[in-house]
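Peer 1: Chain by chain, the residues run as shown.
2 protein chains.
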Amino acid sequence: MSSGRPPRPLPAVLLFSLVPIAAWFVVRPFIEPIPPLPALYTSFGFSIFALLATLYIIPAVGPAFIKANLKGIDLLKNDKTPIPESQGLVCASIYILLLILFIPFAFSDSISNFANAKKTREGISVTEFPHYQLSVYLSSLLSLLIATMLGFLDDVFDIRWRHKIPIPIIASIPLLMVYYAERGNTHVVVPIPLRFIFGTLLDLGPLYYIYMSLLSTFATNSFNILAGINGAEVSQALIIALSVILNDLLYLPWPLDFRIPLHLLGNRAEVEVGGVWSAGMAYGSQELVERHLFSLYFMLPMVAVCVGFMYHNWYPARAFPGDTLCYVTGMAFAVVGIQAHFSKTLLLFFIPQIFNFLLSCPQLFGLVPCPRHRVPRFDPDTNLLYPSKTLFLKPPSKLTSFVLRTFSALGLTDLTVHPGTGSIFEANNLTILNFFLLRLGPMPEKRLVQTLMCSQRINNIWLLEVAGSVLAFTVRYGLAGLVYDGNRR
Amino acid sequence: MSSGRPPRPLPAVLLFSLVPIAAWFVVRPFIEPIPPLPALYTSFGFSIFALLATLYIIPAVGPAFIKANLKGIDLLKNDKTPIPESQGLVCASIYILLLILFIPFAFSDSISNFANAKKTREGISVTEFPHYQLSVYLSSLLSLLIATMLGFLDDVFDIRWRHKIPIPIIASIPLLMVYYAERGNTHVVVPIPLRFIFGTLLDLGPLYYIYMSLLSTFATNSFNILAGINGAEVSQALIIALSVILNDLLYLPWPLDFRIPLHLLGNRAEVEVGGVWSAGMAYGSQELVERHLFSLYFMLPMVAVCVGFMYHNWYPARAFPGDTLCYVTGMAFAVVGIQAHFSKTLLLFFIPQIFNFLLSCPQLFGLVPCPRHRVPRFDPDTNLLYPSKTLFLKPPSKLTSFVLRTFSALGLTDLTVHPGTGSIFEANNLTILNFFLLRLGPMPEKRLVQTLMCSQRINNIWLLEVAGSVLAFTVRYGLAGLVYDGNRR
Numbered sequence: 001m002s003s004g005r006p007p008r009p010l011p012a013v014l015l016f017s018l019v020p021i022a023a024w025f026v027v028r029p030f031i032e033p034i035p036p037l038p039a040l041y042t043s044f045g046f047s048i049f050a051l052l053a054t055l056y057i058i059p060a061v062g063p064a065f066i067k068a069n070l071k072g073i074d075l076l077k078n079d080k081t082p083i084p085e086s087q088g089l090v091c092a093s094i095y096i097l098l099l100i101l102f103i104p105f106a107f108s109d110s111i112s113n114f115a116n117a118k119k120t121r122e123g124i125s126v127t128e129f130p131h132y133q134l135s136v137y138l139s140s141l142l143s144l145l146i147a148t149m150l151g152f153l154d155d156v157f158d159i160r161w162r163h164k165i166p167i168p169i170i171a172s173i174p175l176l177m178v179y180y181a182e183r184g185n186t187h188v189v190v191p192i193p194l195r196f197i198f199g200t201l202l203d204l205g206p207l208y209y210i211y212m213s214l215l216s217t218f219a220t221n222s223f224n225i226l227a228g229i230n231g232a233e234v235s236q237a238l239i240i241a242l243s244v245i246l247n248d249l250l251y252l253p254w255p256l257d258f259r260i261p262l263h264l265l266g267n268r269a270e271v272e273v274g275g276v277w278s279a280g281m282a283y284g285s286q287e288l289v290e291r292h293l294f295s296l297y298f299m300l301p302m303v304a305v306c307v308g309f310m311y312h313n314w315y316p317a318r319a320f321p322g323d324t325l326c327y328v329t330g331m332a333f334a335v336v337g338i339q340a341h342f343s344k345t346l347l348l349f350f351i352p353q354i355f356n357f358l359l360s361c362p363q364l365f366g367l368v369p370c371p372r373h374r375v376p377r378f379d380p381d382t383n384l385l386y387p388s389k390t391l392f393l394k395p396p397s398k399l400t401s402f403v404l405r406t407f408s409a410l411g412l413t414d415l416t417v418h419p420g421t422g423s424i425f426e427a428n429n430l431t432i433l434n435f436f437l438l439r440l441g442p443m444p445e446k447r448l449v450q451t452l453m454c455s456q457r458i459n460n461i462w463l464l465e466v467a468g469s470v471l472a473f474t475v476r477y478g479l480a481g482l483v484y485d486g487n488r489r
Numbered sequence: 001m002s003s004g005r006p007p008r009p010l011p012a013v014l015l016f017s018l019v020p021i022a023a024w025f026v027v028r029p030f031i032e033p034i035p036p037l038p039a040l041y042t043s044f045g046f047s048i049f050a051l052l053a054t055l056y057i058i059p060a061v062g063p064a065f066i067k068a069n070l071k072g073i074d075l076l077k078n079d080k081t082p083i084p085e086s087q088g089l090v091c092a093s094i095y096i097l098l099l100i101l102f103i104p105f106a107f108s109d110s111i112s113n114f115a116n117a118k119k120t121r122e123g124i125s126v127t128e129f130p131h132y133q134l135s136v137y138l139s140s141l142l143s144l145l146i147a148t149m150l151g152f153l154d155d156v157f158d159i160r161w162r163h164k165i166p167i168p169i170i171a172s173i174p175l176l177m178v179y180y181a182e183r184g185n186t187h188v189v190v191p192i193p194l195r196f197i198f199g200t201l202l203d204l205g206p207l208y209y210i211y212m213s214l215l216s217t218f219a220t221n222s223f224n225i226l227a228g229i230n231g232a233e234v235s236q237a238l239i240i241a242l243s244v245i246l247n248d249l250l251y252l253p254w255p256l257d258f259r260i261p262l263h264l265l266g267n268r269a270e271v272e273v274g275g276v277w278s279a280g281m282a283y284g285s286q287e288l289v290e291r292h293l294f295s296l297y298f299m300l301p302m303v304a305v306c307v308g309f310m311y312h313n314w315y316p317a318r319a320f321p322g323d324t325l326c327y328v329t330g331m332a333f334a335v336v337g338i339q340a341h342f343s344k345t346l347l348l349f350f351i352p353q354i355f356n357f358l359l360s361c362p363q364l365f366g367l368v369p370c371p372r373h374r375v376p377r378f379d380p381d382t383n384l385l386y387p388s389k390t391l392f393l394k395p396p397s398k399l400t401s402f403v404l405r406t407f408s409a410l411g412l413t414d415l416t417v418h419p420g421t422g423s424i425f426e427a428n429n430l431t432i433l434n435f436f437l438l439r440l441g442p443m444p445e446k447r448l449v450q451t452l453m454c455s456q457r458i459n460n461i462w463l464l465e466v467a468g469s470v471l472a473f474t475v476r477y478g479l480a481g482l483v484y485d486g487n488r489r
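Protein sequences appear in the order of chains A and B. If you're matching positions, the first sequence starts at 1 in our numbering and goes up one per residue. If you're matching positions, the second sequence starts at 1 in our numbering and goes up one per residue.
Just so you know, the hints here were simulated from the structure itself, not pulled from any lab data. Be careful, since some hints might not be right.
As the list makes no split between identical chains, a pair holds if one copy fits it or if it spans any two.
[What the hints assert, rightly or not] Straight-line C-alpha distance at most 25 Å; calculated PhoX-like pairs for lysine-lysine:
# : residue 1 : residue 2
1 : 446       : 344
2 : 394       : 344
3 : 394       : 77
4 : 164       : 71
5 : 389       : 77
6 : 164       : 77
If we strip away everything but chain A, and leave its shape as in the complex, we get (with noise of 0.2 Å):
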């Protein structure tokens, strides 16, 4: 470990002979033969400049966070420099500047109508964005400066974080706003076995507009109380938006064609990806396509900065995020689940997430005391981390008791028990990274938060890359298909 962290060395040839291939992406809507999706060309340049951009602005703005009061003290290190604080805020305001000039690229009439005009191939091209999506897409650029703002004002206000909670609610009004305004459809399909009682489409109404804030909201909180180690705020955010590209990707018109043998899973049907006219798992509908095209906008750049912005943030870190980067990207999958239409399968994507927010239940609630900082606690002989403890200070209820000791049963966490009275008066605190810690045992920084990753590729590759997407089709799809007619929304 280096005293005083200089910062990580950028290989600079390498990143800039970058810049032409960026250049030719964002060009490529306009070099024939123009391509099926031209403003997925230049989404994919810009993400290498925001790629760029985030690794060369992060160093050089960070004495100017120290300078600005806005920095921290690596918790678990020998070496007690300060680190810059809140550099999330540099991710998101290359993020959001992006999107902004992504505008023209993907609705402007002039842009796609030049892509018109060549038009000969065979399958469906989405060259126009429909124009109404225009408000859509502003309103969650809306909604992501507004979670930015929060997240800053957070870090510089150092709110604390039970009243933090609602925060994210904030930002999601512009959504619903522009969700109400626009007629958004407040139904949603009916599982076959429950239709007897609700019909096919059930209209939530008011409900949906709740459902679609707390999508937000734990979106938000979810990464927020999963971090404290090194690079586990940036990692889980850069794993998840890797699942949600690839689960885009099967939905775009891909020239080649392959099917999913689901007999073999004994289901009748067998399921068909790719193809010009099938466009992907989209079979065709080119509403689909749309919707996961404009996931692919919000990802693509989410990842780019996320890569760059974990350079520096790894272990031994030389930034820090903040709560700006777990507001932010929260908030993106938010927007992208709700204006997508796959919060369901979003949801998937979080199971770490929630297994961490149900672990820590009993103390975001007040039944176990919760310290201020919950992080793995740092040996400094051994460099290795281990459980961190809460300790109770009066005898704990008995409803305490109860769920510490279920808990402590399913090996979620380790208790220390009076010997004398038999109550409990010490136990891990409950986070996903002690959990880990106490399963495996105790282990340097690096490798928790390698774990922690691990974790969230596990839950993902089980739900979607190549070894796991046949499960993961099953799950979402093939099952699907005996609770869900063909009607998707």
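Following the hints, complete the assembly by docking chain B onto the known chain A.
Peer 2: Chain B in isolation, oriented as in the chain A frame:
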């Protein structure tokens, strides 16, 4: 002057009696008989809420601002208590949040259909706001939010003023992008005497975008360089907002009808204002009514937050605006000027700012040394303000001497000349505040801000209000009739 400056007391009974009035205006569009411009009532009701929120939240969050090191010392007082700084952030947050909550009232189908169903009135009634305008409205909100964010970052990171002049260009990007995507008109109507060169309509093309971003930059920075005494920033914004509102009201379909006796000034045609069919100065153009409604939706809450803030910012100030207020108010004026297409009229309201800018040019562009603060000098013994001086450490160049001697001859500055060499070694700082002190003599701070407000009001009265309306209309419409035909864009 109180030591420690406790917050100004608020007359709670009086203020809370405003709550039912505000609520009535908000729900007015749903009460029979439906008014001709229903959303305008809601906007007015929201503005009352904005006023109350600003009045109460500013003092409530003051201690949190001081704790977060957002504080300043009043330069022109004996009392050196720290005052919360950057509280323009509170104004901006309330302002933008209310504009977001207003979206369903202005753009929702269900609300406007409710009003349309009962339509029995004669004349122009804009119950349904055009839907495509939603993206214009949202892009305006994005620009305002970015301006707020940048203003706050400016306060936190304390960016040097020479570096921050181009910052508002970033905030104008959403406006430009959406204007481009919506294929905004880049034509301007050419004055008749120049038509033999350019034709009737001139397509400025990319220059139009440069013009739009320069307007944002000008409006923002013109407030920023006219600051430094209690109430200066907010009073300018307030008076300009009131003038814009007066100008907008002239275009609405009022039930009354009056004529401006332009024949007294020798004009051939009379100017007729009002009447349900002629819709004020809009002469039956629904588009003009819509544009000025758009402007009112942004200006009414702006007046409300400015009044609320001014109560606490008035001499001796209990709260400072920071750059945040200058950014958000400047951007709001640029937004309405651009989106409602009256940027030339808007510039007339900025004449005192333009004067201050021109006066400041020698210091802004480095001809004359520019100290960190150019505020007037405070004399603790007399409690009066005197013009502040800038010192020449080396003899000025010939160009500088020429400019300063010209300014001095025009009575704009006061020079101190070295008796031996005859070269200038001291000059008054070139701001409108020092100019007032030079022309009118030393005065207390409160009197100086009142003088500034008067100059702004005199400028705008001259342009707009009852006594000056004839003259203003002659300039804008009478003279406009000589150089433009009826074709107004």
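Peer 1: So, for every hint listed, does it hold in this structure?
Peer 2: Comparing the hints with the structure gives:
| no. | hint | verdict |
| --- | --- | --- |
| 1 | 446 with 344 | neither (32 Å within a copy, 60 Å between copies) |
| 2 | 394 with 344 | neither (42 Å within a copy, 71 Å between copies) |
| 3 | 394 with 77 | neither (32 Å within a copy, 53 Å between copies) |
| 4 | 164 with 71 | both (20 Å within a copy, 24 Å between copies) |
| 5 | 389 with 77 | within (18 Å within a copy, 53 Å between copies) |
| 6 | 164 with 77 | neither (28 Å within a copy, 38 Å between copies) |
In this structure, the earlier hints numbered 1, 2, 3, 6 are contradicted, and the remaining ones agree with it.
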